[in-house]
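Undergrad: Each chain, written out:
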Amino acid sequence: MIRKVRQHINQNEPLLFERSSPGKRGYQLPELDVPAVDPSAVLGENNTRAAIEGFPEVSEVEAIRHFTRLSTHNYAIDLGLYPLGSCTMKYNPRVNEHVSRIEGLAWAHPYQPESLSQGILEVMGTLEKILAEITGMDAVTLQPAAGAHGEFTGILLVRALLESRGNPRKKLLIPDSAHGTNPATATTAGYAVENIKSNERGMVDVEALARLVTEDVAALMVTNPNTLGVFEENITRIAAILHAKGAMLYMDGANMNALVGIARPGDFGVDVMHLNLHKTFSTPHGGGGPGSGPVAVKSQLEPFLPKPRLERATGGWRWNYDRPRSIGRVRAFYGNIGMHIRALAYIMAHGGEGLANATMDAVLNANYIRKLIEPYYDLPLNAPSMHECVFSDERQAKRGVRTGDIAKRLIDYGFHPYTVSFPLIVHGAMMIEPTETESKDELDLFVDALISIAKEVEENPQVVLTAPHNTRTSRVDEVTAARKPVVRWKPASTSSKAAD
Amino acid sequence: MLSAIGANSLGDLFSHLPEEVRLQRPLDVAPGKSEYEIVDYFRARAAENANGYASFLGAGVYHHYRPVLVDTVVSRGEFLTSYTPYQAEMAQGTLTTIFEFQTMICQLTGMEVANASMYDGSTAVPEAAMMAMRVTGRDRIVVARTVHPEYREVLATYAQHQGMPVVEAGYSQESGALDLDDLENKLDGETAAVIIQSPNFFGIVEDSARAAEIAHRHGALLIFVFAEAVSLGLLEPPRDADIVAGELQSFAISPSYGGPFAGIIATKEKYMRQMPGRIVGETKDTRGNRAFCLTLATREQHIRREKATSNICTNQALIALMATVFMSVYGKEGLRELAQQNLSKAHYLAGKLPLRFDGPFFNEFVAATNGRTPDQINEALLQKKIIGGLPLQRFYPELDGAMLLCATEMSRRENLDRVAEAFA
Numbered sequence: 001m002i003r004k005v006r007q008h009i010n011q012n013e014p015l016l017f018e019r020s021s022p023g024k025r026g027y028q029l030p031e032l033d034v035p036a037v038d039p040s041a042v043l044g045e046n047n048t049r050a051a052i053e054g055f056p057e058v059s060e061v062e063a064i065r066h067f068t069r070l071s072t073h074n075y076a077i078d079l080g081l082y083p084l085g086s087c088t089m090k091y092n093p094r095v096n097e098h099v100s101r102i103e104g105l106a107w108a109h110p111y112q113p114e115s116l117s118q119g120i121l122e123v124m125g126t127l128e129k130i131l132a133e134i135t136g137m138d139a140v141t142l143q144p145a146a147g148a149h150g151e152f153t154g155i156l157l158v159r160a161l162l163e164s165r166g167n168p169r170k171k172l173l174i175p176d177s178a179h180g181t182n183p184a185t186a187t188t189a190g191y192a193v194e195n196i197k198s199n200e201r202g203m204v205d206v207e208a209l210a211r212l213v214t215e216d217v218a219a220l221m222v223t224n225p226n227t228l229g230v231f232e233e234n235i236t237r238i239a240a241i242l243h244a245k246g247a248m249l250y251m252d253g254a255n256m257n258a259l260v261g262i263a264r265p266g267d268f269g270v271d272v273m274h275l276n277l278h279k280t281f282s283t284p285h286g287g288g289g290p291g292s293g294p295v296a297v298k299s300q301l302e303p304f305l306p307k308p309r310l311e312r313a314t315g316g317w318r319w320n321y322d323r324p325r326s327i328g329r330v331r332a333f334y335g336n337i338g339m340h341i342r343a344l345a346y347i348m349a350h351g352g353e354g355l356a357n358a359t360m361d362a363v364l365n366a367n368y369i370r371k372l373i374e375p376y377y378d379l380p381l382n383a384p385s386m387h388e389c390v391f392s393d394e395r396q397a398k399r400g401v402r403t404g405d406i407a408k409r410l411i412d413y414g415f416h417p418y419t420v421s422f423p424l425i426v427h428g429a430m431m432i433e434p435t436e437t438e439s440k441d442e443l444d445l446f447v448d449a450l451i452s453i454a455k456e457v458e459e460n461p462q463v464v465l466t467a468p469h470n471t472r473t474s475r476v477d478e479v480t481a482a483r484k485p486v487v488r489w490k491p492a493s494t495s496s497k498a499a500d
Numbered sequence: 001m002l003s004a005i006g007a008n009s010l011g012d013l014f015s016h017l018p019e020e021v022r023l024q025r026p027l028d029v030a031p032g033k034s035e036y037e038i039v040d041y042f043r044a045r046a047a048e049n050a051n052g053y054a055s056f057l058g059a060g061v062y063h064h065y066r067p068v069l070v071d072t073v074v075s076r077g078e079f080l081t082s083y084t085p086y087q088a089e090m091a092q093g094t095l096t097t098i099f100e101f102q103t104m105i106c107q108l109t110g111m112e113v114a115n116a117s118m119y120d121g122s123t124a125v126p127e128a129a130m131m132a133m134r135v136t137g138r139d140r141i142v143v144a145r146t147v148h149p150e151y152r153e154v155l156a157t158y159a160q161h162q163g164m165p166v167v168e169a170g171y172s173q174e175s176g177a178l179d180l181d182d183l184e185n186k187l188d189g190e191t192a193a194v195i196i197q198s199p200n201f202f203g204i205v206e207d208s209a210r211a212a213e214i215a216h217r218h219g220a221l222l223i224f225v226f227a228e229a230v231s232l233g234l235l236e237p238p239r240d241a242d243i244v245a246g247e248l249q250s251f252a253i254s255p256s257y258g259g260p261f262a263g264i265i266a267t268k269e270k271y272m273r274q275m276p277g278r279i280v281g282e283t284k285d286t287r288g289n290r291a292f293c294l295t296l297a298t299r300e301q302h303i304r305r306e307k308a309t310s311n312i313c314t315n316q317a318l319i320a321l322m323a324t325v326f327m328s329v330y331g332k333e334g335l336r337e338l339a340q341q342n343l344s345k346a347h348y349l350a351g352k353l354p355l356r357f358d359g360p361f362f363n364e365f366v367a368a369t370n371g372r373t374p375d376q377i378n379e380a381l382l383q384k385k386i387i388g389g390l391p392l393q394r395f396y397p398e399l400d401g402a403m404l405l406c407a408t409e410m411s412r413r414e415n416l417d418r419v420a421e422a423f424a
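Residue numbers (my numbering), protein chains in the order written: chain G, 1 to 500; chain B, 1 to 424.
The set of hints was computed from the structure by calculation and includes no laboratory data. Since this is a predicted model, take the numbers as computed values, not measurements. Any given hint might turn out to be false.
[Unchecked claim] Here are the simulated lysine-lysine pairs, DSBU-like style, with alpha carbons at most 30 Å apart:
| id | chain 1 | residue 1 | chain 2 | residue 2 |
| --- | --- | --- | --- | --- |
| 1 | G | Lys484 | B | Lys33 |
| 2 | G | Lys171 | B | Lys307 |
| 3 | B | Lys270 | G | Lys490 |
| 4 | B | Lys186 | G | Lys490 |
| 5 | B | Lys33 | G | Lys440 |
| 6 | G | Lys170 | B | Lys307 |
| 7 | B | Lys307 | G | Lys197 |
| 8 | G | Lys484 | B | Lys284 |
| 9 | G | Lys129 | B | Lys268 |
| 10 | B | Lys268 | B | Lys186 |
| 11 | G | Lys484 | B | Lys186 |
[Unchecked claim] Which residues of chain B face chain G? A few of them, derived with a C-beta cut under 10 Å, are:
| id | residue |
| --- | --- |
| 12 | Tyr41 |
| 13 | Phe42 |
| 14 | Asp71 |
| 15 | Gly170 |
| 16 | Ala209 |
| 17 | Leu232 |
| 18 | Leu296 |
| 19 | Ile387 |
All C-beta atoms, glycine included, are put in the ideal place defined by N, C-alpha and C.
Can you make the complete structure from the sequences, with help from the hints?
TA: Right, here's the structure in full:
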C-alpha cells in the first residue's frame, strides 16, 4: 500500500549540448559605450582563442525548460521527508534565501572599505557571538567553507597550540564510528590516525581510551552525539583523560542539532569543535553544497585562529591582520558569508527557546520512528537515541535483502532513502534522521512504508531486490560507471543517446 | 507521540544525559522574531554597507551582471533543498547538471576531465598542489608571486603540514608577468609543480605555454590557476597545463563579501584518479536508459578515509549550478561577446591612465598613481560614490604607488571617465 505517491509525468530531457543549434542565444548585452578593441591586437594572436568548441547554444526558453525539467527528476526536502542520518535534512526557510540576496549584502566586495562594510561585519560579529553562546565556547571563526574544512582548521589549531608547548605530537585518536572526513582530515593536517573501537553500547570505550592516550596523542576527534545517534555519556571523563595527558578534545559538530539549547560542548570539556551551518542551522544543501563550517574554540586556542580576525573597535568593526600566532588563512577572504546570513536569519526566527524546541522535536521524531519500526527491524544497540536511530538489515538479510535494497524500495513509496551502510560499525546499517521539520502525518507515512517493505521482504523479496520500480530512472549501474568512466559529454559519443 | 514512545514529557528524552552536562538555563539568544522583523533587520544591515556605488575593485572578485535565469533555476526547491546525489534514482536532475558542468569546464579550460567543484579558487590551489605531489612522487612547489596573494597564503597553510616546501618565483618589473628566467632558476629535480595564474593578480596574461615547457623540462607539472573565468571567453585555454585550478565567481555568483563561490579542478584523463572531490559519470539504468551517478568514489573520504585524495565532502554544488546556468545562457557567442566588452572597457580606461606594467591584460590592470597615494585617489573617488582600485602595497610592499583597477561590462563610460579624472 503506497499512500504518498503515484506515478506522474516527468518529461525526458537531452543534455544541453544535444539541444544546441548554431547561432541560438539566450542573452542580450547592452550596446558597448566605448570603442571596441581588437582582441588579437591587444592580447596577441597566440593568446586569443577560437570559439569554444561544443559550448551550449540555446535560447532562453530552451534553457529554462531544460533546467526545470531536470529539476523534476530530483527529490528534495520541499517534496517530503528526507531521512538521511547524520545529514540533517531539515526545512530551509525561504526568508533566509530572500535576505541573503538583498543587494547591499549580496553585492558587497570583500575589499571594499571597512567603513562601507559595517552592516555585513555586524551580521558576522553577531553570528560569532551567538554560536559561542550555543556551543559554550570562547571564540568562533566563520572562515571555514564546510564541515571538513572546519575539521582541518580545528586540527591545525590543536597542532599550533601543542607546537607552542614544544611538541605537536604524532597522532589523532578517532572512533571507528566516525565520519570519513575525520581520518582524511588528520592526514591533511599531517597526523597519523589510530582508531578506537566502540564498546557494546556504541560509545567510546573509556578504559581503552585511557590506555591509548599517550604523549604521542594530539587529540581525540569525537562526534557527539555519535553517528549511532547516541550521546557519549562519559564525555566529561573522556575529556579529563585527554587533558591529564596534555591532549585535546575535538568535537565534530555534525550532530549538534541534537544538543542546541540542551547541552553545550564547552561545558563538557570540548576544546575545539566545528559546526555545520548546512545541518544544524538550516542553510540549504543545494545538491551537495555550499556549506559553512565555523570553528569554535576555548580561549587558549584563540590566538591561533585563522586570520584576519573580526574585531569590534572604537568606530566600528574591523579586520585584524596582525595575528602573529595565527595558523594563517584556510581560504581567501572571510568565509561563505551568504551562508552566515542565512544561519543568522534561522537563529533569529527561532530565538533561544525556539532553538531548544527544535532540538527536542528532532529527538522526539527520531524516537517515535525508532519505537514504531523496532518490531520490524533489528536494533543493534539499545542505548537511548538522540536525533537519529540506527537499525540494521540483519532480519531482512536472511531473505537476501540488504539495506541498500530496502533503501531503493523506499523510493517507490515516495521517500528518499535513509543513510545506507553507515556507520561502518553496524553491519547493514540503516541510519534514520527525521529532523524537527516533520509532522506526525509524514512520519506515519514513512513508518508505514518501512513496515510495508518489511512485509514485502517476507512475502515477495524480489520486488524489493529490483526496486525502484516507479521512478523514471530504474536502478543505476554504478559498477560500470566506475569501471569505464565517462565523465563528460562528447559530440557523437557512442555511449550517449540523443533522445535520452 | 510522547505516549507512543512511553515518555511523559519532552524532558524525559534527555534524562539519560548526565546532570553535569546539561545546560541549566535558557540560551542567551533573543526571542524569536517574525519574518517581517528579520527582513527589516537585514535590510538595515545592508543599508550600512556600500549602496549605489560604482566599483572598480577586482582582485579575485568581479562585478558581472547576473542573468535573472540563474536565481530562477537555483531557487527551485528540487535543486535548492536536495542532498548530495548519492541515491542516483532520485537525483538525476542534480547529476545531469553536474555532468553538464564538468563538460563545460572541460570545454572552457581545454582539459579532459573536471570535478564537480571545490570550495573556491583559493582552496583548489593547495588541493591541486597535493594532487601534483601524488602524481609525481615529489614534494616541492614553485609558485609565481603573481598568483593571488590570498591563494598563496592558503597554499602556505596547507603546505606546512604536508612536508611541502613552497618557493616563490618573481615577476618582471616591466611586464608584470612571471619572470621565466627566475622560474627556471627556482626549479629542481624535487619540484612537483609550478603554479601560475593567468590573467595574473596584476591582470597580465601569462605565457602559460612557455611556463609549461619549462616545468615539463624539469619533470614538474604545470598548475594553471584562473580567478577571472570570463577571460576564458577570449583567451587561449591552458592546453599545455596538467592541472587547472580555478574560481568561477565571475559566472553569475554574487560577490557576497567573498563567498560562497565555487572552485574547480580539471586535468588530463591520465590523472583523473588522483583528483580530489566528487565526479559524476555516465552509465545506464536496468532499463538501458542513459543515467548518471557519482563515480570513482574510491578516491574519496567516505570510502578511503585517511588514504583519501582529499578530506573534502560538502562542495559548492548549488553555486556550480549557478555557473552552469550562466554558461548556458551566454553560451558560445555570449561568453565571447561578454569577454570582448570587458576587454574594451578596461582598455578604454587604461588608455587614459599611466600604467605600471606593459604586459597584455584582460579586464584588470595596474595604474601608477604618480605623485599621490592610491588612498588619496580612492578618497576622492568615494566622494563621487565610486569605489576605486585596490592599493597594491598591502600585498606587494614594492608597489607602493600602484593600484589594481578592474572594469567589466557593468562599468559605465561616465564612471570610467570619472576615474580617469581622479588620476589627472
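Undergrad: Look at each hint and say if it fits the structure.
TA: Each hint tested on the structure:
no., hint, in the structure
1, G:Lys484 to B:Lys33, "violated (53 Å)"
2, G:Lys171 to B:Lys307, "holds (15 Å)"
3, B:Lys270 to G:Lys490, "holds (17 Å)"
4, B:Lys186 to G:Lys490, "violated (39 Å)"
5, B:Lys33 to G:Lys440, "holds (25 Å)"
6, G:Lys170 to B:Lys307, "holds (17 Å)"
7, B:Lys307 to G:Lys197, "holds (19 Å)"
8, G:Lys484 to B:Lys284, "holds (12 Å)"
9, G:Lys129 to B:Lys268, "violated (45 Å)"
10, B:Lys268 to B:Lys186, "holds (25 Å)"
11, G:Lys484 to B:Lys186, "violated (40 Å)"
12, Tyr41, "holds (7 Å)"
13, Phe42, "holds (4 Å)"
14, Asp71, "holds (7 Å)"
15, Gly170, "violated (22 Å)"
16, Ala209, "holds (8 Å)"
17, Leu232, "holds (8 Å)"
18, Leu296, "holds (6 Å)"
19, Ile387, "holds (5 Å)"
In the structure shown, a violation is registered for the earlier hints numbered 1, 4, 9, 11 and 15, in ascending order.
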